[in-house]
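Chemist: Letter by letter, the chains look like this.
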Amino acid sequence: MRPTLLLALLLTGCSAESGIKFDSDGAFGDAAETDFDTGRRGGGGGNGEPDEADTLPDEQEEDRKALRPQQTPRYLFIPNLDRDTITRVDTRTLDVITHPVGRRPRAIGVTPDQAMAVVFNQRDNTVQLLDAEALTGPVVSVRPNLNQLVISPDGGTAALFHDVGATRPDDPVVTGAVSFNEISLVDLDTATHVPLVVGFNPKAIRFTPDGATALVIADGSLATVDLTGSTPTARFIAIADPLDPPPAEEVVVEPTGAYAFVRQGGVNAITVVGLRDGSVDLLPVGAGPTDLDLSADGSRTIVVSRASRQITVFDALSPYAPPRIIPTPVEATLGSLELGPDDRGVLFSNATSQGRYATWSVDSDVVGLRGLPKPVESLALTPTGEGLIITHPPGDNPDGSTPVPYRNRYALSLVSFEDGRANTLALDAVPNGSAASADGRYGYVILEGRAGLAVLDFRTLIADAVALPSQPVFVGVLPDDDVTDDDQPAAWVSQDHPLGRLTFYDPDDGVSRTLTGFELNSQIED
Amino acid sequence: MRPSLALLALLGACTSSSASLSGRWLPDEAVASGEVVLGLTSGNGAIHRLAPGEEPALVDVGPRVVRRLAAAGDGTTVLGRAERRRCDDLRPRRQSPCKGEFETSDDLLVLRDGGFVGAFELGFAYGDPITSEDGRWAAAVVNPDAAAGQEGIVNLGSVLMVDLDVAEPWPVTVGFNASQVAFSPATDQAVVLSPGEVALVDLATRAPVPEVTFPLGLPSATRAQPAGVTITDDGTTALVATQAGSDLYVLDLVNPRVNLVALRAPPQRTLPLTGSGQTLVVYGQLGWIDLVDDLTQNVTGLVAPGGADAAVWRDGVAIAWRSGLADHVFRVDPDRGELTDYVLSATAAAVDVSQEGGWAAAWTPGTSSFSGSRRLDLLRLYPDSQSRLDADPVAFALPGIPVDLAFQGEPTDAVIFLMSDRAELASISLPSFEVSSLELPTPASQLTRLPDGTVAAIHGDSTGRVTFIRPDGSVETQAGFALKGLFDPAPFEETP
Chain A
534 MRPTLLLALL LTGCSAESGI KFDSDGAFGD AAETDFDTGR RGGGGGNGEP
584 DEADTLPDEQ EEDRKALRPQ QTPRYLFIPN LDRDTITRVD TRTLDVITHP
634 VGRRPRAIGV TPDQAMAVVF NQRDNTVQLL DAEALTGPVV SVRPNLNQLV
684 ISPDGGTAAL FHDVGATRPD DPVVTGAVSF NEISLVDLDT ATHVPLVVGF
734 NPKAIRFTPD GATALVIADG SLATVDLTGS TPTARFIAIA DPLDPPPAEE
784 VVVEPTGAYA FVRQGGVNAI TVVGLRDGSV DLLPVGAGPT DLDLSADGSR
834 TIVVSRASRQ ITVFDALSPY APPRIIPTPV EATLGSLELG PDDRGVLFSN
884 ATSQGRYATW SVDSDVVGLR GLPKPVESLA LTPTGEGLII THPPGDNPDG
934 STPVPYRNRY ALSLVSFEDG RANTLALDAV PNGSAASADG RYGYVILEGR
984 AGLAVLDFRT LIADAVALPS QPVFVGVLPD DDVTDDDQPA AWVSQDHPLG
1034 RLTFYDPDDG VSRTLTGFEL NSQIED
Chain B
266 MRPSLALLAL LGACTSSSAS LSGRWLPDEA VASGEVVLGL TSGNGAIHRL
316 APGEEPALVD VGPRVVRRLA AAGDGTTVLG RAERRRCDDL RPRRQSPCKG
366 EFETSDDLLV LRDGGFVGAF ELGFAYGDPI TSEDGRWAAA VVNPDAAAGQ
416 EGIVNLGSVL MVDLDVAEPW PVTVGFNASQ VAFSPATDQA VVLSPGEVAL
466 VDLATRAPVP EVTFPLGLPS ATRAQPAGVT ITDDGTTALV ATQAGSDLYV
516 LDLVNPRVNL VALRAPPQRT LPLTGSGQTL VVYGQLGWID LVDDLTQNVT
566 GLVAPGGADA AVWRDGVAIA WRSGLADHVF RVDPDRGELT DYVLSATAAA
616 VDVSQEGGWA AAWTPGTSSF SGSRRLDLLR LYPDSQSRLD ADPVAFALPG
666 IPVDLAFQGE PTDAVIFLMS DRAELASISL PSFEVSSLEL PTPASQLTRL
716 PDGTVAAIHG DSTGRVTFIR PDGSVETQAG FALKGLFDPA PFEETP
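First to last, the sequence lines map onto chains A and B. Be aware that the first sequence starts at 534, since it is given in our numbering, and climbs by one per residue. Be aware that the second sequence starts at 266, since it is given in our numbering, and climbs by one per residue.
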């Protein structure tokens, strides 16, 4: 599942305790995967069996908030794109300070040891390597026309590239000769920069767990970069016809780094790449593969083929062994898979207007179908996998089964995975972000244009509203500093305000506290 | 004259370099200084010390002509503004006024407990000082209009801080055109407001530059103009209201940080509620009173019909009202987050609250601003009572237009008021509401309460007259004291 899928990402990625990334963080040691920000999951075609589902539109994926905060157990870093500052929140004391950086801090990454915050100043074409405590450090120039930043899992390298799918309307216009084949690698220990040319239109950069190798995925090619030498060197592996390469859609890398699996648009197979020997093969998966995942331990590679209505499960370390194939119900179209930490998952599709989803477990051959009052726009599991949060678009079920109160309105469903109990809430605006506590007890949703926070209790499936002083931008949950007590960590919501605004909401006592104007703190003279 | 009006008078006029031999007792300048009353005579600018059981006396302040007096918040410290005169004419000054070169300077006097502490040259460029509640510190900001007419260079980006214990000033460089100063009630620090910034000044070390300067906006944007400031009772936080803005700037004075609290409207006044951990905010005619938690900055709203623009904090209870136009008086209990609405029997221009906070009087004095009303509402403000009856004011019809009012006794056991052109003083016992009157030899124009609960009635007699009404009901009148020194020539300091 791609990390940028709206609610899936936010529900999991915003909980630092869960150890899951906000965005492409580059690590694939723990069932890591990448699904590129093309905004679609292709339907069928090519060499698979044709099916009426082939005519459906792509599975839609959204990334409403490309500019994401970075959270560590100690600090939360928020880039302030328009103010050329970053805000650092001490998650223990809630002390907030704002620090000036370069122009247009487009992204922030934090090294795994939390000692360094890497700020990508897009307009300056620089990265700042800031000591997380002192907020001081060197500035390193990088190549122009980049928009993505990932940090290697060993904290030794920052990689930057240009993802066409992640372009924002307000990104600076690059004039003159513009490359779409370049990446920048920055050694975080020596503060040195090495530019590299890779395949056209790189979609993602992943690292081996030891940080020794970077994997750059582009349309039609993979590049492996050896980071152990004094100068990084790239090796190219062609994964498609170089004359007409299909767009790369999704890639997962099994945890040992032996194989990468790539889903490409319009190809009714999965490409398996031997990263050690450079081998490339196609693995048939039926018509219209629309999702690619790894099981929780990374031992199995799972492909959902919407057109041929099947799930294909490979042994990730023996990809050429015969896969297990599980048919999906003909009563529903299922193109996306969301897996929980226990390998129980949910199948759904947001390419159709059906109000249905299905439950499934990686070890099971049984797919159980469930109904919904409205079609699915996005679906995510809570960090523990015990609850579902489903957003629904204004459109209704085509068979007229949508109850009247939900018709022509956005809606949100809280669902118990176990028994399917659901509380569907009619909304007057589109959900714009969400987060959940690491223990899955509470979820938080913000709505576009609404100065409020919806607090979702996944134990009771009750939702309450908390007023905010201004419109929310990001929502997250602070780390739980003591998982043995019953105290829940506070949620935080950053909001639109020219001088910066954060609200902390404590679900234990229902009290919220708002800090406003911390942008001014950098202007204090003492 | 009521203390607040006395302070306004001090802030208003400017001194004159010419002196007149003719003079008279200035009843409106009388202020309490501990257990004594200090008053002025015009012409010679002498300060008279008056106390029950003591002979009236002059206070020696050197070769100065005192023009104005104002009381600090501690009830014992008094500041005076005076001319110091110098003359190089060595002829005996008793024979003639100065015939040589004549110079004057503008001095600030410090008096405490009726005695002279010291003085220094303040200068005409400075406005009248603001004092700390404990009477320990004062600060004078530059009056740009006055500074423009002065000789020499005036630093418009400075304030003059004053150690009132020793009457010594020192300049502190702050933002341009400083407008207000607030003193910490808990630490030797002050904050100075200038357009777009707030300076935190260390008073203990007499530092010439601020410890910290807080911005009121980003450099890239128009910075806010401060409208008012208060400091919480623990001295850790300053609350700055800005003109035309509904954000309250909360400045952490310990770990310099800025937080903005979104209020429902631009505040008229903020009042730290000492010991409660909250600050009261009033908005003028907007019908809300808010409590801001000093720690979390969460805002609790209380409906206050008609709104409020004035407030006092006494012994666990905050009292708020619309000054000049009060139909309601509100008692706010910050611990309970509750508001009690006292509906007055008539619109009142003034609300006075007794020293310990048990009583309030709503009334309309006959002044140049108000035509006066013969109605008086007395309000019980017992902080622990929840009886609905407490919210019913006790209304009185008065035989004349009241001109001043004071609470007598320690603790308060009566309210005393003066009426226009009447040589009598009326008293209402509390809590019995028994009414009595006391004939005075001449009409009085002002009441001043001394710390022991004695009330001094200041008469307008040109030769001076004060009547002391002790809490036990005994009365003592002192008169004619203003003649002392009145015909002495104005004092000069020789300048060889």
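Don't take every hint at face value.
Pulled a few chain A residues facing chain B out of the computed Cβ check, cut under 10 Å [unchecked claim]:
(1) D628
(2) I630
(3) H1030
(4) L1032
To spell it out: a stretch of chain B is covered by chain A in this simulated footprint if at least three of its residues, at any positions, have a beta carbon under 8 Å from a beta carbon of chain A; those stretches are [to be verified]:
(5) 510-520
(6) 523-532
(7) 631-637
Since the hints were made in silico from the structure, they are not lab data. Yeah, the Cβ is synthetic: ideal placement off N, Cα and C, and Gly gets one too.
Chemist: Does each hint fit the structure? Answer for all of them.
Modeler: Checked hints:
1. For the restraint placing D628 of chain A at the interface with chain B, the shortest Cβ-Cβ distance is roughly 7 Å, inside the 10 Å limit, so the hint holds.
2. Below 10 Å, beta-carbon pairs count as interface contacts, and I630 of chain A has one with chain B at about 8 Å; its hint therefore holds.
3. Because the beta carbon of H1030 of chain A sits about 8 Å from the nearest beta carbon in chain B, less than 10 Å, this interface hint is met.
4. With a least beta-carbon distance of about 6 Å to chain B, the hint placing L1032 of chain A at the interface is held under the 10 Å criterion.
5. Under a criterion of three residues with beta carbons nearer than 8 Å to beta carbons of chain A, the stated coverage of the region 510-520 of chain B is upheld, 3 such residues being counted.
6. Only residues whose beta carbon comes within less than 8 Å of a beta carbon in chain A count, and the region 523-532 of chain B has 5; three or more means the coverage holds.
7. Residues of the region 631-637 of chain B with a Cβ under 8 Å from some Cβ of chain A number 0, which does not satisfy the need for three, so the listed coverage is violated.
Consistency with the previously given hints fails for number 7 only.
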